[in-house]
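Take these sequences, add in the hints, and give me the full structure.
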Amino acid sequence: MTDKEYWKANIKLLIILLSIWLMIWFGFGIVLSDFLDQFSIGGFKLGFWFAQQGSIYGFVILIFVYVFAMNRIEKKLKDNKEDKS
Amino acid sequence: MSAQALTYLFVGLSFMLYIGIAIWSRAESTNDFYVAGKGVNPVANGMATAADWMSASSFISMAGLISFLGKDGAVYLMGWTGGYVLLALLLAPYLRKFGQYTVPDFIGTRYYSKTARLVAVLCLIFISFTYVSGQMRGVGIVFSRFLEVEINIGVIIGMIVVFFYAVLGGMKGITYTQVAQYCVMIFAYLVPAIFISILITGNPVPQLGFGDTLVNSSTYLLDKLDQLSIDLGFNAYTESTKSNIDIFCITAALMFGTAGLPHVIVRFFTVPKVSDARKSAGYALICIAILYTTAPAVAAFSRVNFIESIQEKSYLDSPDWFKNWENIGLIAWKDKNDDGLINYSVGKAFEEGRPDFLDSRGSQGEREIKNPITKDNDNEVYIDQDIMVLANPEIAKLPAWVMALVAAGGLAAALSTAAGLLLVISSSISHDLLKKTFMPKINEKQELFYARCSAAIAIFIAGLFGIYPPGFVAQVVAFAFGLAASTIFPAIFLGIFLKRLNKEGAIFGMLGGLLFTSSYIIFFKFISPELNNPENWLFGISPEGIGFLGMFVNFMIAIFVSALTAKPPIKVEQMVDKIRLP
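Listed in order, the protein sequences are those of chains G and A.
Position one of the first sequence corresponds to residue 1 (the working numbering), numbered consecutively onward.
Position one of the second sequence corresponds to residue 1 (the working numbering), numbered consecutively onward.
Treat the hints as calculated values from the structure; they're not laboratory data.
Glycine residues also receive a C-beta, built at the ideal position from the N, C-alpha and C atoms.
One or more of the hints may lead you astray.
[What the hints assert, rightly or not] Pulled a few chain A residues facing chain G out of the computed Cβ check, cut under 10 Å:
| id | residue |
| --- | --- |
| 1 | 210 |
| 2 | 222 |
| 3 | 284 |
| 4 | 293 |
| 5 | 319 |
Set out below in structure tokens:
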């Protein structure tokens, strides 16, 4: 993997993760929230749960997916540099 | 031991711990003072970031805010956590790779311009002082209620403690005290929440408990809360009332603002490696999420408890906490219909916001107020939202040591954030204003000396804000986030992701964002507050959410101006290439 490919892979990952990020809070937390309220888990209406709980869990998972994916991309870049030298 | 003695004990012990850490972790160099020698373990940095970020308002006010807003309170929950995703993905790793000391450092170097650096310093100081004044008020409130010390003395004690570890230890001292403060704060937040969750629902996990059924009943807590709210004339607790576009913009402004707050960004300069910066943002968000997922549970519990323990009770038999907080001035009651009962319902009990107490007592022994009474509703109770956390243990009749714990936790939250803010103020003065702009000849020892002096002066000014709180603090919180979102975030983001952006673009972009956002907020909050309603707002966006639009104003100006002016020098392009790689 070259430096250029590394940056491309990084941007691609960012776009995917930020789309999920937007879906979590704007999608489930705000726009679809009233629709989701017709379902419930335990005593929570689903839209309410997403707005006050689920979105936060989603953000945490998202950052760790990013950490994991970036470590893999970084490793590819490093291996490649070692191969060359 | 009495509640008061316990509180003194807990607060005293926690202060001794902070000062002990300060002495142990003195800063020896500017590298120590500004970025803790870049040797902070990512988990420790995550905890320190969480303490840095969660202020007196997260600890004391947020649950109360949600308690009164119901579902709409999610704006704050999502807004103040989602920003960490932006921070982790878009800023933290690159800034760590850049490897300098302050936020204006990055902006000044990337845009090869002293002007850009100065504009950044200006935004940073404004944002940070706005924030600090709120912390000092928090310290004062906790001291006056729990230790029965005068507010001013409380603020001075807080100043001395912060002075000790911020001036002595710089970032190094602050980091390790913040780790300790995080532990104190989270313990103090969780213990009463768990207790109350067990009392109300029998479920020891508050995050699950507030979706559970009430003890000895098959009714869900939230259904009951919806019913109680409707009975009193409020909207159902689990339904939202604001328009989607406004909720979207407020949440987004809080997120981008969070990602652009200098005292949070600078924490990611302190870890050893780029990959640690990413990990550390994840740990920080876990630490924050523990409190932020508990807060809505506390909000729901305390709302039910509050309504049930006072509604239609006679004032004479009302619980002690009601009278205690009335004496502090955070609760007021006016018997509008002269029945001697406390009638709580929708609407403001009287005009002019906060109660203005007279020295006299009414027929029931209640404190009399000057404010004219409102005629359009039957509500008789004024409640400051802060008491939903502070009085929560009393309302739920928890043991005295839990209350003492809450006092120590509130102080930890306020002091940790104040210290982080004071540090970025002082380093932007000693490093960016003096060393990099006006006094480039000073050596490291002198710079460290100036850093300590400016920290001391900043603490003094922050203390003055605490003793003489400017009346506009509540209004300017929107300001801090709006400015961070419309100036600092775009400047850093474009600096990393758009190589072509030059100094002209960045400077005009920041100034444009600053001007647009501040004039909108000043107009609606200070010049014509009577026009502050959805019909007059631009695209239906409230002043709280305008920072999001300000960010796009910044983007557009920056890109347009850049396209018309010269390319940045090769050296800068090479620097951007370098920070993009791990």
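Consistency of the hints with the structure:
1. 210: It holds, given that the least Cβ distance between residue 210 of chain A and chain G is near 8 Å, below 10 Å.
2. 222: holds, 5 Å
3. 284: Holds, because the Cβ-Cβ distance from residue 284 of chain A to chain G comes to roughly 9 Å (cut-off 10 Å).
4. 293: holds, 6 Å
5. 319: violated, 27 Å
Violated hint: 5 only; the structure is consistent with all others.
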